[in-house]
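A.B. asks: For the record, the sequence lines run as chains A and B. If you count the first sequence from 1, position 168 lands on 168 in my numbering, and the numbers rise without skipping. If you count the second sequence from 1, position 128 lands on 128 in my numbering, and the numbers rise without skipping.
Wrong hints could be hidden among the right ones.
[Unchecked claim] If you anchor each label on the Cβ, the simulated ranges turn out as follows: (1) B:Ala446 - A:Glu251: 36 to 42 Å; (2) A:Glu101 - B:Gln259: 55 to 61 Å; (3) B:Gly257 - A:Arg349: 36 to 42 Å; (4) B:Thr246 - A:Tyr297: 43 to 49 Å; (5) A:Thr260 - B:Ala506: 43 to 49 Å; (6) A:Gln214 - B:Gly491: 18 to 24 Å; (7) A:Ala207 - B:His535: 22 to 28 Å; (8) B:Asp212 - A:Gln214: 52 to 58 Å; (9) A:Asp195 - B:Glu271: 56 to 62 Å.
[To be verified] Residues of chain B clear of chain A, computed beta-carbon distances all greater than 12 Å: (10) Asp55; (11) Thr85; (12) Gln99; (13) Leu104; (14) Glu128; (15) Gly134; (16) Asn161; (17) Arg232.
Derived by calculation from the structure, the hints in this document are not laboratory data. A virtual CB, placed ideally from N, CA and C, is assigned to each residue, including glycine.
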Amino acid sequence: MAFKQEVNMTNKFRCPQQEHQISRRRWLGTTVGTTVASWGLGGLIQPSVAESLRRDHKQVLFIWIDGGMSQLESWDPKPNTEFGGPFRSIPTSLPGVYISELLPQTAQIMHKLAVVRSLCTQDNSHSAGVGRIQRGDPKDRGVTYPYFGSAVANLLGPGESALPAYVWVKPGSGGFKHQDAGFLGPQYGALAFGDGQAPSNLSRPEAFDALDDQARNRLREAANRRYAQNRRRKVTDANTYVFDTAQTLMERSDLFDQSTFTRQELQRYGEHDLGRHMLVGRRMLEAGVRFVKVNSYGWDTHGDNFNGHASLMPRFDQAFSAIVRDLSERGMLENVLVIAMSEFGRTPRINGHIGRDHWPEAWSLAMAGCGLQSGVVAGATNPLGTWVKSEEYDIGHMFHTWFHALGIDARHREYVINGQPLPIAHEDCHAIKELLI
Amino acid sequence: MKCLLVFVLRDKCRYLLAWFFLSLALSSAQLLLPAAFSQGPIAVRIDELIHQRADGTLSPLASDEAFLRRIYLDLVGRIPTLAETREFLTRRSPQRRAQVVDALLASDEYPLRMAQLFDVMLNERRGEHVEWRGFLRQAFKENRPWDRITREILNPDVTQNISRGAAFFYTGRLKRYGQVPADVPGLVRDIGRMFLGVDVQCAQCHDHLFIDDYAQVDYQGLLAFVGNTYIRTDHPFPAVAEKQLTEKVQFASVFDGEQKKTGPRLPGGVEFDVPKFEPGEEFLVPPDKKKKTLGVRKFSTLRILAAELPRSDNRGFARNIVNRLWWVMMGRGLVDPLDLHHPDNPPSHPELLETLTDAMIAHQFDIKWFLRELALSGTYQRSSQLPGGFSDGQILLPQSYRVALERPLSAEQLLQSTLTATGVEQSWSIDPTGAKAGQDQSTIAAKEEQQQEWIKLFQAAFANPPKEPEIEIAPSVRAALFLMNDTTFLGWFESRPGNLVHRLAALDGDRLVAEELYLTVLTRRPSTDEILEVHTYLAADPAERTKRLGYLAWALVTSTEFCVNH
Numbered sequence: 001m002a003f004k005q006e007v008n009m010t011n012k013f014r015c016p017q018q019e020h021q022i023s024r025r026r027w028l029g030t031t032v033g034t035t036v037a038s039w040g041l042g043g044l045i046q047p048s049v050a051e052s053l054r055r056d057h058k059q060v061l062f063i064w065i066d067g068g069m070s071q072l073e074s075w076d077p078k079p080n081t082e083f084g085g086p087f088r089s090i091p092t093s094l095p096g097v098y099i100s101e102l103l104p105q106t107a108q109i110m111h112k113l114a115v116v117r118s119l120c121t122q123d124n125s126h127s128a129g130v131g132r133i134q135r136g137d138p139k140d141r142g143v144t145y146p147y148f149g150s151a152v153a154n155l156l157g158p159g160e161s162a163l164p165a166y167v168w169v170k171p172g173s174g175g176f177k178h179q180d181a182g183f184l185g186p187q188y189g190a191l192a193f194g195d196g197q198a199p200s201n202l203s204r205p206e207a208f209d210a211l212d213d214q215a216r217n218r219l220r221e222a223a224n225r226r227y228a229q230n231r232r233r234k235v236t237d238a239n240t241y242v243f244d245t246a247q248t249l250m251e252r253s254d255l256f257d258q259s260t261f262t263r264q265e266l267q268r269y270g271e272h273d274l275g276r277h278m279l280v281g282r283r284m285l286e287a288g289v290r291f292v293k294v295n296s297y298g299w300d301t302h303g304d305n306f307n308g309h310a311s312l313m314p315r316f317d318q319a320f321s322a323i324v325r326d327l328s329e330r331g332m333l334e335n336v337l338v339i340a341m342s343e344f345g346r347t348p349r350i351n352g353h354i355g356r357d358h359w360p361e362a363w364s365l366a367m368a369g370c371g372l373q374s375g376v377v378a379g380a381t382n383p384l385g386t387w388v389k390s391e392e393y394d395i396g397h398m399f400h401t402w403f404h405a406l407g408i409d410a411r412h413r414e415y416v417i418n419g420q421p422l423p424i425a426h427e428d429c430h431a432i433k434e435l436l437i
Numbered sequence: 001m002k003c004l005l006v007f008v009l010r011d012k013c014r015y016l017l018a019w020f021f022l023s024l025a026l027s028s029a030q031l032l033l034p035a036a037f038s039q040g041p042i043a044v045r046i047d048e049l050i051h052q053r054a055d056g057t058l059s060p061l062a063s064d065e066a067f068l069r070r071i072y073l074d075l076v077g078r079i080p081t082l083a084e085t086r087e088f089l090t091r092r093s094p095q096r097r098a099q100v101v102d103a104l105l106a107s108d109e110y111p112l113r114m115a116q117l118f119d120v121m122l123n124e125r126r127g128e129h130v131e132w133r134g135f136l137r138q139a140f141k142e143n144r145p146w147d148r149i150t151r152e153i154l155n156p157d158v159t160q161n162i163s164r165g166a167a168f169f170y171t172g173r174l175k176r177y178g179q180v181p182a183d184v185p186g187l188v189r190d191i192g193r194m195f196l197g198v199d200v201q202c203a204q205c206h207d208h209l210f211i212d213d214y215a216q217v218d219y220q221g222l223l224a225f226v227g228n229t230y231i232r233t234d235h236p237f238p239a240v241a242e243k244q245l246t247e248k249v250q251f252a253s254v255f256d257g258e259q260k261k262t263g264p265r266l267p268g269g270v271e272f273d274v275p276k277f278e279p280g281e282e283f284l285v286p287p288d289k290k291k292k293t294l295g296v297r298k299f300s301t302l303r304i305l306a307a308e309l310p311r312s313d314n315r316g317f318a319r320n321i322v323n324r325l326w327w328v329m330m331g332r333g334l335v336d337p338l339d340l341h342h343p344d345n346p347p348s349h350p351e352l353l354e355t356l357t358d359a360m361i362a363h364q365f366d367i368k369w370f371l372r373e374l375a376l377s378g379t380y381q382r383s384s385q386l387p388g389g390f391s392d393g394q395i396l397l398p399q400s401y402r403v404a405l406e407r408p409l410s411a412e413q414l415l416q417s418t419l420t421a422t423g424v425e426q427s428w429s430i431d432p433t434g435a436k437a438g439q440d441q442s443t444i445a446a447k448e449e450q451q452q453e454w455i456k457l458f459q460a461a462f463a464n465p466p467k468e469p470e471i472e473i474a475p476s477v478r479a480a481l482f483l484m485n486d487t488t489f490l491g492w493f494e495s496r497p498g499n500l501v502h503r504l505a506a507l508d509g510d511r512l513v514a515e516e517l518y519l520t521v522l523t524r525r526p527s528t529d530e531i532l533e534v535h536t537y538l539a540a541d542p543a544e545r546t547k548r549l550g551y552l553a554w555a556l557v558t559s560t561e562f563c564v565n566h
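Can you make the complete structure from the sequences, with help from the hints?
C.D. replies: What follows is the structure in structure tokens.
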């Protein structure tokens with residue numbers, strides 16, 4: 001009996017019965033020529049691959065609201081209903097569209113946004129949800145899919161900035177977050193800037209001035225050139241690439257200097273973590289980083305949801321509306337895809353602690369920019385906000401939509417890992433047409 | 001014979017002629033060998049079979065200097081010291097390469113290097129445990145045969161002090177982290193990968209889609225061996241036990257849903273029955289709660305696994321270790337990737353793999369003997385510089401072994417080599433079992449502690465994350481930032497009594513400086529250009545001579561030439 005349990009336990013790892021049926025046919029008919037993912041050095045030494053994939057420098061700003069923003073206190077308010085809570089809704093710059101009064105500044109730029117109110121996803125726990133949502137909830141094939149940031153880093157490459165392709169501005173500690181990359185391999189992980197600060201070993205020790213640094217690196221490069229003579233290029237090229245990227249990052253230490261934000265900028269974005277981190281994120285985008293994730297924590301309002309959102313939402317409202325405005329004014333919004341979302345929404349039902357719990361069944365997210373319609377709201381929930389009444393969109397639909405917006409054909413592009421072709425987005429889902437240009 | 005090699009090396013015009021002579025010599029491979037080393041019969045056969053399929057020029061043998069650096073890195077995990085290099089270069093004996101191979105295999109550092117190598121290979125940075133490290137060190141110190149080591153890992157025995165740490169292979173994978181469950185699929189997968197060279201991960205839910213040879217029953221049969229293993233918490237050291245397997249494992253393909261069953265079964269092997277016992281009848285030795293023993297079961301799947309997998313008539317088991325050790329020394333498995341042995345992925349040199357496998361079995365899985373044979377082959381000792389006639393190495397297939405392949409250095413190899421080069425520490429060779437003459441216990445403890453700190457520093461900068469195999473050279477931005485800016489590392493290039501920069505500063509004349517520098521760091525003499533570069537750079541600012549010596553040393557230690565095994 002004991003082992004029976006073990007067997008049952010392993011069933012959890014299995015893919016559901018009906019899976020693969022369609023895709024298998026497709027896999028078998030697919031040539032390996034579509035190889036995108038690469039192991040080991042591939043991604044480092046073949047900028048030419050990235051070259052051929054490059055669009056006109058599309059970028060992503062991914063705002064991750066960790067813990068679960070309440071859709072009822074943000075994008076999909078239901079005032080004066082059973083579960084509506086105490087906040088009113090307010091009109092927006094988009095006629096007929098109302099959002100929570102906690103988003104007054106965002107309401108003024110609603111005509112620039114694309115909002116989805118009909119998300120219906122699978123996981124209602126943080127531990128599973130954070131990963132599943134950011135990996136696009138792929139089918140379980142016994143491999144670990146990359147987070148969206150790693151996927152974009154792999155599919156579009158770093159671009160011309162010579163900066164790392166995927167950076168993550170977050171409260172707390174920083175470092176190299178290889179876990180995000182899944183099967184793509186550690187080099188597609190996130191370079192995380194804890195509290196927006198520089199990664200470890202970024203700054204040159206004071207004993208070295210710029211001339212010293214240049215001198216020692218010239219000697220190193222000369223040694224590498226001599227070594228490369230009469231040898232395969234592969235190793236030296238890869239080594240050169242990482243040193244060049246590291247040096248570019250060192251030269252751009254200004255990206256991390258928060259003392260140079262102007263008084264006015266800080267006031268507009270907000271003098272709190274999210275405001276400052278969003279400003280750092282804007283700098284990264286301006287510097288050409290392909291994918292910037294900005295993180296806000298502390299949204300898991302199981303208790304005292306309304307005071308919680310009353311204090312959290314204004315910070316989001318301020319920072320989010322400021323960056324969308326700035327990107328728009330600088331003409332960057334055309335090429336930057338902005339996404340603001342959590343791992344799930346919050347229950348319409350208000351619990352005994354005046355809180356809202358986890359609710360993946362019917363929730364919302366907001367987007368703007370690159371490849372998307374502006375001033376559009378897709379999907380709707382029922383009058384109580386408990387269920388989706390239009391077509392339900394899973395995170396797979398969003399991945400298809402985002403890839404499409406970035407000019408990547410998710411129906412045909414595949415990763416090839418150890419000879420196995422793997423779809424880049426869930427093959428049972430599709431892009432949401434009404435959101436796309 | 002040296003003349004022939006000189007032709008190949010220096011005279012492209014005569015290269016065809018040289019190849020003609022070399023081809024003639026193939027019939028008697030001994031003729032091919034330069035006087036500098038002697039070979040065993042397997043080493044000779046390796047070269048014959050590699051030559052047969054080379055399909056073009058081979059690079060000549062590496063220089064004595066290049067050979068010395070390579071063999072030190074492979075067998076003791078560091079570059080040679082300046083004194084060791086100088087001494088070796090004075091030797092004139094035709095046996096000198098064999099002599100150094102034998103000396104290194106017999107040294108105290110060999111088991112330490114092997115313990116690190118196998119720790120990284122088998123556990124893929126899943127953490128460290130002093131008992132596991134102790135198990136590996138002792139095993140390689142005694143040169144335990146690979147089949148015995150495998151048995152000790154697959155069925156660890158809590159009563160055996162010298163091998164109980166082997167259980168860390170299981171416990172490292174079965175440990176739960178927060179809400180993350182025990183990695184049973186990972187354990188099943190790794191038993192296949194590490195000991196049989198087959199990765200059955202993608203045959204978990206259905207027969208493998210692209211590898212006809214990997215069936216779902218292969219995964220499920222392995223699961224039946226280890227699926228009921230759990231971590232024992234009543235010991236301070238890693239330990240596992242198993243629940244009684246009472247039924248076959250049930251499984252169904254996600255494609256057709258047909259219910260199937262299997263008992264314990266090795267991939268492609270026979271299925272073992274799952275016997276039924278009356279309650280209370282399942283023990284040979286019943287458990288004893290007072291003595292806290294779990295008893296001995298009549299039917300133990302771990303015992304069967306340990307008895308049946310590492311057998312000399314299990315070809316897959318023998319092939320796997322041969323292929324992995326070949327990869328260790330040559331940089332690419334005869335079967336590549338290492339864990340995808342199957343008929344549609346044949347070895348680059350089928351006859352060679354079979355010959356080596358036969359020999360390994362005949363030598364009772366003697367790892368030290370096998371490494372020695374590989375090290376004495378011309379294939380191992382070939383230069384990593386392209387053979388004549390190639391301007392771009394990319395068109396040279398790596399599986400031809402026509403040129404020695406560049407290999408990554410582990411974080412540990414890089415640390416020990418850096419310490420050796422910069423003179424911070426002669427080597428890590430602290431006898432783990434006791435005091436060396438002249439070293440008291442507290443000094444040894446302090447040194448070990450210091451080493452551990454540095455190892456953590458280097459692992460953070462250079463090692464792959466857990467579960468990522470370290471197979472290929474993979475430079476990273478993280479490592480580059482470390483090499484450019486880490487203050488501990490940079491401190492090793494400041495002049496301090498006894499270290500490299502201090503020694504260089506005391507030398508009279510830039511030629512001497514260049515020679516000492518290159519021989520110490522890169523285990524070779526500098527070229528004329530390199531001597532000139534050193535001189536020009538130092539002469540440009542005599543006031544900053546010491547600082548500049550530090551930069552010269554830093555540039556060589558951070559160069560590709562230092563950071564790979566070539």
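A.B. asks: It remains to establish, for every hint, whether it holds in the given structure.
C.D. replies: Hints, verified against the model:
1. At about 40 Å, the CB distance of B:Ala446 to A:Glu251 agrees with the hint of 36 to 42 Å.
2. Between A:Glu101 and B:Gln259 the beta carbons are some 57 Å apart, a value that agrees with the proposed interval 55 to 61 Å.
3. Range check, B:Gly257 to A:Arg349: Cβ separation about 38 Å, and the 36 to 42 Å hint holds.
4. Range check, B:Thr246 to A:Tyr297: about 47 Å between beta-carbon atoms, so the 43 to 49 Å window is met.
5. At roughly 47 Å, the beta carbons of A:Thr260 and B:Ala506 sit within the given window of 43 to 49 Å.
6. The supplied range of 18 to 24 Å is met by A:Gln214 and B:Gly491, whose beta-carbon atoms lie about 21 Å from each other.
7. Remark: the range hint 22 to 28 Å for A:Ala207 to B:His535 is upheld by a beta-carbon distance near 25 Å.
8. The given range of 52 to 58 Å is respected by B:Asp212 and A:Gln214, whose C-beta atoms sit roughly 57 Å from each other.
9. Between A:Asp195 and B:Glu271, the C-beta spacing of about 57 Å keeps the proposed range 56 to 62 Å intact.
10. In this structure B:Asp55 is separated from chain A by more than 12 Å, as the shortest Cβ-Cβ distance comes to about 18 Å.
11. Non-interface status of B:Thr85 relative to chain A is upheld: no Cβ of that chain comes within 12 Å, the nearest being about 19 Å off.
12. Listed as outside the interface, B:Gln99 is consistent with that label: its C-beta sits roughly 29 Å from the nearest C-beta of chain A, beyond the 12 Å cut-off.
13. With a least CB separation of 25 Å from chain A, B:Leu104 remains clear of the 12 Å interface cut-off, as annotated.
14. Listed as outside the interface, B:Glu128 is consistent with that label: its C-beta sits roughly 19 Å from the nearest C-beta of chain A, beyond the 12 Å cut-off.
15. The non-interface label for B:Gly134 is consistent with chain A: the shortest C-beta to C-beta separation is roughly 29 Å, beyond 12 Å.
16. Annotated as non-interface, B:Asn161 keeps its C-beta farther than 12 Å from every C-beta of chain A; the closest such distance is 29 Å.
17. Every CB of chain A is more than 12 Å from the CB of B:Arg232 (nearest about 15 Å), matching its label as outside the interface.
Hint compliance for this structure: no hint is broken.
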